[in-house]
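In case you want the letters, here they are:
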Amino acid sequence: NAGVTQTPKFQVLKTGQSMTLQCAQDMNHEYMSWYRQDPGMGLRLIHYSVGAGITDQGEVPNGYNVSRSTTEDFPLRLLSAAPSQTSVYFCASSYGVAREPQFFGPGTRLTVL
Amino acid sequence: QQPVQSPQAVILREGEDAVINCSSSKALYSVHWYRQKHGEAPVFLMILLKGGEQKGHEKISASFNEKKQQSSLYLTASQLSYSGTYFCGTLSSGGSYIPTFGRGTSLIVHP
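If you're matching them up, the sequences are chains A and B in order.
Numbering of the first sequence is given in the working numbering, commencing with residue 1 and proceeding in unit increments.
Numbering of the second sequence is given in the working numbering, commencing with residue 1001 and proceeding in unit increments.
Worth flagging that the hints you see were computed from the coordinates, not collected in a lab.
Positions of the beta carbon are idealized from the N, C-alpha and C atoms, including for glycine.
There may be inaccurate statements among the hints.
[To be verified] To give an idea of the chain A side of the interface with chain B (calculated C-beta under 7 Å), a few residues:
1) Asp38
2) Gly42
3) Leu43
4) Leu45
5) Gly58
6) Glu59
7) Gln102
8) Phe104
9) Pro106
10) Gly107
11) Arg109
Produce the entire structure from the sequences given, and follow the hints as far as they go.
Here it is, written out as structure tokens:
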């Protein structure tokens, strides 16, 4: 199993550009989530999904959109990038009904200029 | 409100023990612990549900005191590989499905 995969690993955007961070898992987990990690701060939940077709907002959803058309894929879209979105982004999945992230992707380091 | 971890940093020699604490102002349903090495993704260590249970993972164990909304992570006979940042995550009992995370405790193990 590949586990949770994310692409790209690194990305530099200019203010106002849009992009999609890709996330996929091959463990048939229903629960998937996106987090951002900033220096000196804990992980913060952006959006989550409890299954295909179902998504909901987390703690810091503004400026991001998600969709979940399949169990495997959970892309995160930045609509109009801002310097405040410079961060490391982690996708995660969990088995069963657990809401705690258990398996993380390798992360995407995003810089917005 | 995110949980508070203490201490912020721990420096040990191989074989020594350490305790990392995590406390919340909210009634907790669960506490979960992670280790993250620099430049890598977090690794899930364990989850503790309310009920005061204690769990173990190799020489790393944890306890959860739901009355005090506190959890402690115990690292015994530390190894060089234990170095990293440890952080706790919590889910409150109020029905929120949004976990919150502490800022982390940096653990450095020297030979």
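Tested hints:
1. Asp38: Violated. Min distance 10 Å.
2. Gly42: Hint holds; Gly42/A Cβ to chain B Cβ min 3 Å, cut 7 Å.
3. Leu43: holds (4 Å)
4. Leu45: holds (5 Å)
5. Gly58: holds (6 Å)
6. Glu59: holds (6 Å)
7. Gln102: holds (5 Å)
8. Phe104: holds (4 Å)
9. Pro106: Hint holds; Pro106/A Cβ to chain B Cβ min 5 Å, cut 7 Å.
10. Gly107: holds (5 Å)
11. Arg109: For Arg109/A, the interface hint is violated, since the closest Cβ of chain B sits about 9 Å away, which is over 7 Å.
Hint compliance for this structure: hints 1, 11 are not met, and every other hint is.
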